[in-house]
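Chains A and B, in that order, are what the protein sequence lines are. Going by the working numbering, the first sequence opens with residue 25, and the numbers climb by one from there. Going by the working numbering, the second sequence opens with residue 235, and the numbers climb by one from there.
Not one of these hints is a red herring.
DSSO-like mimics (lysine-lysine), calculated; alpha carbons at most 30 Å apart, straight line: (1) B:K277 x B:K319; (2) A:K347 x A:K278; (3) A:K422 x B:K328; (4) B:K359 x A:K422; (5) A:K113 x B:K328; (6) B:K328 x A:K90; (7) A:K186 x A:K278; (8) A:K422 x B:K308; (9) A:K422 x B:K306; (10) A:K363 x A:K347; (11) A:K88 x A:K113; (12) B:K328 x A:K26.
Here are a few chain B residues that face chain A, going by a calculated C-beta distance under 10 Å: (13) Q287; (14) T291; (15) V299; (16) A346; (17) Q349; (18) Q352.
No wet-lab data here; the hints were simulated from the structure. These figures come from a predicted structure and were not determined experimentally. All C-beta atoms, glycine included, are put in the ideal place defined by N, C-alpha and C.
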Amino acid sequence: MKQRFAVMGAGEVGFHLARTLSHEGHSVVVIENDSEAGQRVEEELDVQVVPGNGSHVPVLESAKVKSCDLFMAVSSSDESNLAASVLAKRMGAQRSVVRVGVAEDVTTHRRVYEDVFSVDLLLSTQLLSTTRILNHILGHNTLAVEYLARGKVQLRKVHLAKGTVLTRRALRDVEMPAGSLVVAFYRDEELIIPSGDDRAQFGDDALIVCKTEVIDRVERLVSARPSDHGTTVLAGGGQTAHAVLQALSNQVDKLVMIERDRERAEYLAATFPKVQVLNGDATDPSLLRSERIGDARSFVALTGNDERNLMACLLAEELGVGKVIALVQRTETSHLWRKLGLVRIVSPRRIAVERIQNYVRSGYNANIVSLRRGQAQILERTLAPASPAAGCTLAEIKPPRGIIVGAVLRGDRVFVPRGPDRLEVGDTVILFVAEEHVSTVHLLFPGREPTASGAP
Amino acid sequence: MELQALTEPDLIFPGLPAFDIPSVLRAFADRLAGADLVADGDKLYEALWEREQLGSTGIGEGVAVPHCKLAKLKRVILAIGHVPKGIDFAAVDKSPVQLFFCVVSPESEPAAHLQCLQAISAWLKQNDESRRILEMDDPEAIYEFLSRG
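Isolated chain B, as found in the complex (with noise of 0.2 Å):
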């Protein structure tokens, strides 16, 4: 599964205004749902939440992959934003995190939101340098960069 395929420069947001857990989640549902790529960004904002609360999503090294199902989406959806400051975000490893892939995928398709977190997972083993992201503030210059690896 390739990481370009699932997402587009449009969703991807450098320097995401956010400071903590909640803000975070808040920024990202509140992009997709003014995108009108999901029906109400209030939904997506608890499921969101919710998934948090089973678990961190930072999954070390700077990285937070926070992710949802929805009911009523057409597709799967990766979006990607930046806080280059670095945020508390729990994470395994408790260091701070910087980079953060969103995805929200539709309820009915279990295995394509699960091997899309898969894909991000196995991208960013691949790509020792995946933290050259947090130095550009181009969406097409970072869309570009995801053809790697």
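Excised from the complex, chain A in its bound form (with noise of 0.2 Å):
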């Protein structure tokens, strides 16, 4: 069916979406305030220019965004961008999706933006591309995490490698790590709220929900990785460099990181005292060979700049580095990324691209559980007094097939709840529902999900 879509902005993300949809056949407007860029879209595509800042009303009304399917606000600014989609909610646009810069914003205060800007569907292309460089770097078989109960807890979908003991073992007889929980198997399109007795097929994916402390036990024990990861080396200290120093701290034996500024380099090696901070260039070959980069299991290329990237990791691969992994802004050139044998690369820009057009094709279903709208829910409910599930354990619950709770959120502790665990008012509850059972779900756990003020 023909969708309208409004699309401020028409950087990468911008003008690969407008292009995608296009090309589907939707009617697509771009907004875009810089002339020479709107310029290229008019001359590129067979869509509609709109000049101006998206958070001008006017511009707005011009873009006919009250009539819009879905507003997606894609520009370089956080600021404009949530603004904008306020505003083209208010105006009547069904749904927006908005893109912001820091991954923080994302995995702890989602719901505050989603609650303030009426935005739809929240991402970060820092943290999506960060999830996807510590794949690479970890052997991970993530596809997709979600963050919940304030980045306390992961939703993480899966794929099962291989041999993992999840195609071997019922899941009553899988020793899962403490703080993590199978909720759902994908096979075949079709979500699987399991039971003890089932088990995983070769080929599923999983959905796992886990704390945030387990993920990397929980992802060993459904990958097929080896059991230590060397030295990585990590090229250039921006921020998405932070955000994986920050993941990768507790979880590599050894991290190098090559800064060229001297003020951010002594910044970071004061924030992470475990990592050896050079100052110097990576692009430079003696700096690489005296420092025996070439020993190193992982080596990212996180400079911001694809041509120094490129450089850094032709003499990282010569050195003998084995996995090569660079992130890589400019899309069209990944071609020629690949012709030069770096595979492993990274473009933030097609990956927020893809998660759009997931959220597109779902039906827009922003939650990572479902494939298809009406398969499943993820619900965040906190306990008030009058709720019925407040004061009993999870074996009198006794939640029949179709409803999980996976984990609670009590004060600052997670856990995932057994039998003999009761639920207490002002505990914060996350359930997975098949959507046969939401009604029954909304009876035992009514609530709203939890907004800007969090939980009580």
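If you follow the hints, you should be able to join the two separate chains into one complex; please do so.
Listed below in structure tokens is the structure:
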């Protein structure tokens, strides 16, 4: 069915979204401030261009956002994107997607943004890239991550490697790390909410809820990766590198950071005392040789400049680094990288476009839980005194197949509840619910999704 | 948990005189207080109302399950009522509600309370014909109908 889309910002993400959606036969309007970028869109794509700033009402009126199915604010300014989303929704846009820069906005504060700025899907290109980079370094099989309970809990969709324990034993016989739980399998596009007797099949993806602290142990269970990661070298210490360092600092044996800017290098050294920070140029062969970078297991080029990343990667490859990974901003050059043998490339813009496309194709399901609308829901509920589930143990609740109490957030503590655990007033529970049980859950766990004020 | 065991014909009220959310809750509260099953009808009304504020108990397809827990109650009580012409109960599917299962439980028995709600939900799922209750004016007939499934 033909839909109407408005795209704010004709940068890499906006341009590719507009191109893909118009090729699919939809009606697309692009709002762009910069006349040169706007002109490029007009010349290359069959879409309408509205010049101006999308956070101004007259511009949104000209773009007719009131009748659009989805408003996508993907310009490089977080503030403009958020302001535009509020306005567009208020003016009648059905839904909105907003891109923000910093990962933490999504991992920890997503619900605040969704609530205050009326955002249906909030995404951070930095966060999406970080997940992909970690997959490459650690050999994880993560397909998507959703952040719950203010970032304390993650819901990870992982591909099950051949021979993983989950495909060999029934769930009740698999010793999952404490604080983790398998909540669903995807098999041939079908979502299966399993009971203890079920076993994954080779080729399935699994949906696993886990405390942030046990992610690596969970990934070890489901992936077929080597037991140690050796040395990891990061070239370039920008924001994405910061996020990668944060995630890696407890997971790899040795981390080396190469940063050109002295001040930034000093800052990183102070922030991550366990990381060896070199103040130097990652494209300097003599530095790489003298620091024996060739012995590293992984090398990640994150300088923010494609040419420098390319040079650094070619040097690292020549020195014999096992895995060379590059962040590539300009998506149209990615085939050239592959030609040079650099296959592990992460393109933030392309990942963002894919995420938004999936959102549109899923029938606007922002959760990763569902492949198609209407299969299952993920609900986060805080128990009030009048909530029927408050005061009951999990054994007493005895949730039927199709309802899983995935995690409980009590104060600062997060745990996956077992039979004798009692739910208390004030707990925030994360529930996975097959569609046919949603009405039962509304009855037993009433409430709205936690919003700006968070859990009481 | 058998639904029939939780109620009795005296607690089944066909054709409740109600036209909106407060009047439904009030009708149940008055009747249960009148039957001496709860000490204070006003308190029951307030507790039912408070629960509706957390989110409607209208679970869709014309059914609502208003419920609450009260102190100093002897056992779980299930009362049933219907309003054939339907009431806007802010149900999840936004359709008017005609059939009401009202559950009041002792505060000290949260598990029994929850299990009763689950039993109602399960009974409704099993009984495609539950709407036939709306055609019944006789409490005894409705009571008998509950033993199905």
